[in-house]
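Trainee: Numbering that gives the first Met the number 0 numbers the first residue of the sequence shown as 0 and each following residue consecutively.
The set of hints was computed from the structure by calculation and includes no laboratory data. Just so it is clear, the structure is predicted and the values come from calculations on it, not from any experiment. Be careful, since some hints might not be right.
[Said to hold, decoys possible] Heads up, simulated BS3-like pairs for lysine-lysine below, C-alpha to C-alpha not over 30 Å straight-line: (1) LYS477 to LYS606; (2) LYS509 to LYS392; (3) LYS80 to LYS135; (4) LYS80 to LYS139; (5) LYS606 to LYS626; (6) LYS110 to LYS126; (7) LYS186 to LYS317; (8) LYS324 to LYS351; (9) LYS626 to LYS582; (10) LYS466 to LYS452; (11) LYS97 to LYS110; (12) LYS351 to LYS392; (13) LYS477 to LYS396; (14) LYS186 to LYS135; (15) LYS126 to LYS107; (16) LYS324 to LYS74; (17) LYS107 to LYS43; (18) LYS97 to LYS126; (19) LYS126 to LYS43; (20) LYS452 to LYS477; (21) LYS97 to LYS80; (22) LYS317 to LYS351; (23) LYS126 to LYS392; (24) LYS466 to LYS351; (25) LYS582 to LYS317; (26) LYS110 to LYS135; (27) LYS351 to LYS315; (28) LYS74 to LYS139; (29) LYS43 to LYS118.
[Unchecked claim] Here are the in silico distance ranges between beta carbons for each label pair: (30) ARG99 to LYS317: 49 to 55 Å; (31) GLU182 to ARG298: 19 to 25 Å; (32) GLU109 to ALA585: 26 to 32 Å; (33) ARG444 to ASN85: 54 to 60 Å; (34) THR42 to GLU409: 54 to 60 Å; (35) GLU148 to PRO597: 30 to 36 Å; (36) LEU353 to ARG643: 36 to 42 Å.
Where is the CB? At the ideal position from N, CA and C, for every residue including glycine.
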Amino acid sequence: MLKGFAGLFIALLSQFSGLRKSCKQGLVVLFFVLLSQFSLAQTKTLELRDSDEQIEIRNYHGRISIVASEAVEGKLVIGAKSADGNDGFELINVDRRKGRIAVTVSAKNEKARVDLELKVPENLRIKAETREGEIKFSGKFASCEATTETGTIVADIPPENLEYSFVWLSSYPRFMSDVPLSEIEEKAGGRFVISGKLGEENNKAGRKTKKASERKSDKKEAVEKSDENGLEKGINESSEANESSLKGNKEASLGDGNSGSSKASEGENLPEDKNSKAIKKNKKGGFERTVSLNFKTSRGIILFNIQPSEVPSDLKEKPLTEAAKAIIRSGDSLLMEAIRRVSPRYFGDYAKTLPPRKNEPVLKRKESIETGNNLELRTAVVRVLDAQNLAVKGLGKDDFIVFENGEQREVISVEQATAPMNIVLLVDTSGSVENYADFLRRAARAFINTMDKKDSISIVAFNEDVKILSGFTTDRQKLSESVDELDTGGGTAYYDALAFTLVEVLRPLKGKRTAIVILSDGDDNRSFLPFESLLGSIQESGALIYPLYVPSALIANSSQTDPNNSADPVWTKYMSLTSKAEKEGARLAEVSGGVYYPIRRLSDIQKAYEDIVAQLRSAYVIRFYSKPASFDASSDSRIDPRIRIRTRDERLFVDVQSVD
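The task is simple: from the sequences and hints, build the whole structure.
Mentor: Below, the structure written as structure tokens:
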């Protein structure tokens with residue numbers, strides 16, 4: 000079918016020989032976009048019978064995603080995406096017999112890979128099997144059974160009335176869970192098992208059923224609330240609730256996919272249910288199923304109510320570093336939660352030693368100059384960026400338009416910003432670049448000598464932990480001497496170091512112009528934090544980030560450069576992190592308003608430094624008339640949300656850094 004579609008397109012294109020080359024190229028691009036969407040849209044729907052209780056899926060070389068939804072009641076919707084663009088259903092066999100439906104993909108290797116996306120009614124039994132592919136469950140099921148070799152198993156499932164058995168056949172467990180699980184048990188034959196029960200005490204505590212994506216905002220509110228009453232109290236209450244929810248989990252046993260039944264109280268008559276034998280009476284007199292999770296993998300990762308994007312570089316629980324402790328002290332709830340998930344025991348122990356948090360002093364907006372006609376003279380600092388995220392210079396008063404509450408305000412003047420910057424040089428000294436110690440020292444000194452002499456510079460080095468080599472100073476001699484302290488070796492906790500810089504080094508300067516210049520290979524293998532957790536804090540800080548990623552001889556080129564195109568994105572990310580460096584470097588620059596510099600030659604470093612100097616001096620100071628503020632001046636936000644500034648050239652983007 001796709002071949003016929005392609006032939007038809009070529010025939011049509013030949014009829015437009017008079018079109019300009021650029022137009023033809025545009026049509027070709029449009030064709031491939033439509034082709035990719037056509038491939039994504041392949042679905043088939045099966046009507047379910049009353050006797051259908053279990054769905055089995057085997058896809059050894061691709062992903063499997065199963066979503067349970069009320070919207071598909073009585074139906075099974077099968078979506079197939081083929082890696083080579085062919086009809087994925089040519090390799091799919093569907094067999095139904097005696098209450099079960101078996102969906103099997105017959106692809107012989109990953110080149111012919113087909114990824115499956117199934118939508119099923121709620122409360123069915125599901126069995127899924129892959130080798131290296133990811134398996135993902137989302138929604139309400141009667142039971143879920145998954146088997147992989149290296150494939151990640153992801154479960155986004157309500158934790159109420161749930162029995163679980165997670166088994167690793169050939170490796171020590173690698174897992175993350177949104178709720179505390181039982182202790183790891185080592186069994187005969189080198190197996191490791193985590194099994195237990197969840198939900199009975201959680202329900203008594205008023206826990207609500209929510210998907211992982213919905214629970215995230217609640218957790219932020221919970222941590223912030225605990226800040227008000229003292230961090231120790233919040234952690235203790237959370238620990239007590241979680242410990243009570245796990246009573247009796249040691250008695251749980253391994254299941255075979257149909258296990259998970261629970262005994263009713265004496266004298267209770269349970270209703271019959273074709274989808275699950277595990278039903279018990281709830282507090283309100285209704286009946287609730289006990290969901291059974293049975294996951295078995297040789298060397299894969301298991302995520303329970305954790306999104307793959309939230310997985311850090313290292314899944315092993317380990318003692319807190321100084322960077323991690325500083326992040327916990329900062330009170331940044333999302334960063335704290337990310338650390339708690341990886342090392343709950345160490346997080347709890349350290350949190351108990353901290354005094355109750357005090358409200359931080361907030362920045363008051365400077366008194367505006369009154370003009371005598373019910374207007375105030377205010378000042379905004381902005382940067383103007385083009386489509387390539389590069390700073391635009393040479394703009395004047397007539398190029399800007401300022402709006403306040405939707406009303407245009409008069410612009411009095413526009414000048415180039417001359418205020419000194421506060422810049423952090425974040426240097427990677429980990430083992431991945433240990434052969435470049437002398438190179439790093441030369442590169443750091445070149446940075447110091449290139450920056451404007453009025454700018455204050457701080458130097459922070461990191462490997463497995465962080466070390467502040469120099470606080471902010473304009474003394475170039477002192478900065479140069481501090482570079483001698485650069486020592487190499489150890490792992491790379493890059494994300495933790497970046498978060499430490501935001502919350503520990505730059506937070507006292509909130510409201511001032513700040514930037515972070517990063518000299519690294521972009522790799523990370525030791526952080527508590529995942530990359531995605533940084534983005535909100537970066538945007539809130541207002542710091543410009545300029546990543547300079549320098550290739551290292553120890554970086555192994557991954558054959559799979561894009562984890563999202565592999566059969567198992569989490570495993571690819573876990574085993575070949577350096578393949579994501581360029582994408583993450585570009586994203587850091589994008590969300591902060593900085594620029595990403597992939598270094599291809601050593602001479603590119605000095606060029607990047609000189610460009611950074613030009614970028615930092617490209618801000619504009621805009622003075623404009625404003626009506627008396629109804630805006631809460633006690634807010635710690637750097638920007639009045641009522642103010643909007645743009646240029647008359649709609650192709651340009653205005654980054655508002657502060658409004659006083």
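Trainee: Does each hint fit the structure? Answer for all of them.
Mentor: Hint check:
1. LYS477 to LYS606: Measuring from Cα to Cα gives roughly 24 Å; hence the hint holds.
2. LYS509 to LYS392: holds (25 Å)
3. LYS80 to LYS135: holds (16 Å)
4. LYS80 to LYS139: holds (24 Å)
5. LYS606 to LYS626: Judged against 30 Å, a Cα distance of about 44 Å means the pair is violated.
6. LYS110 to LYS126: With a Cα-Cα distance of about 25 Å, the restraint between LYS110 and LYS126 holds, given a limit of 30 Å.
7. LYS186 to LYS317: With Cα atoms ~23 Å apart, LYS186 and LYS317 stay inside 30 Å; holds.
8. LYS324 to LYS351: holds (12 Å)
9. LYS626 to LYS582: violated (43 Å)
10. LYS466 to LYS452: holds (24 Å)
11. LYS97 to LYS110: violated (34 Å)
12. LYS351 to LYS392: It is violated: about 51 Å lies between the C-alpha atoms, which goes past 30 Å.
13. LYS477 to LYS396: violated (41 Å)
14. LYS186 to LYS135: Given pair LYS186, LYS135 holds - Cα atoms ~26 Å apart, limit 30 Å.
15. LYS126 to LYS107: Given that 30 Å is the threshold and the Cα spacing comes to 21 Å, the pair holds.
16. LYS324 to LYS74: violated (50 Å)
17. LYS107 to LYS43: OK: LYS107 and LYS43 at ~22 Å, within 30 Å.
18. LYS97 to LYS126: The hint holds at about 15 Å.
19. LYS126 to LYS43: It holds: about 20 Å lies between the C-alpha atoms, which stays within 30 Å.
20. LYS452 to LYS477: Cα-Cα ~13 Å, so holds.
21. LYS97 to LYS80: Given that 30 Å is the threshold and the Cα spacing comes to 29 Å, the pair holds.
22. LYS317 to LYS351: With Cα atoms ~17 Å apart, LYS317 and LYS351 stay inside 30 Å; holds.
23. LYS126 to LYS392: Cα-Cα ~60 Å, so violated.
24. LYS466 to LYS351: holds (25 Å)
25. LYS582 to LYS317: holds (28 Å)
26. LYS110 to LYS135: holds (21 Å)
27. LYS351 to LYS315: holds (22 Å)
28. LYS74 to LYS139: Given pair LYS74, LYS139 holds - Cα atoms ~15 Å apart, limit 30 Å.
29. LYS43 to LYS118: holds (11 Å)
30. ARG99 to LYS317: 49 to 55 Å: violated (43 Å)
31. GLU182 to ARG298: 19 to 25 Å: Holds, since GLU182 and ARG298 (Cβ atoms, about 21 Å apart) stay within the stated range.
32. GLU109 to ALA585: 26 to 32 Å: Holds, since GLU109 and ALA585 (Cβ atoms, about 27 Å apart) stay within the stated range.
33. ARG444 to ASN85: 54 to 60 Å: holds (56 Å)
34. THR42 to GLU409: 54 to 60 Å: Because 57 Å falls inside the window, the suggested range holds.
35. GLU148 to PRO597: 30 to 36 Å: holds (35 Å)
36. LEU353 to ARG643: 36 to 42 Å: Holds, since LEU353 and ARG643 (Cβ atoms, about 40 Å apart) stay within the stated range.
Against the hints set out earlier in the document, violations occur for numbers 5, 9, 11, 12, 13, 16, 23 and 30.
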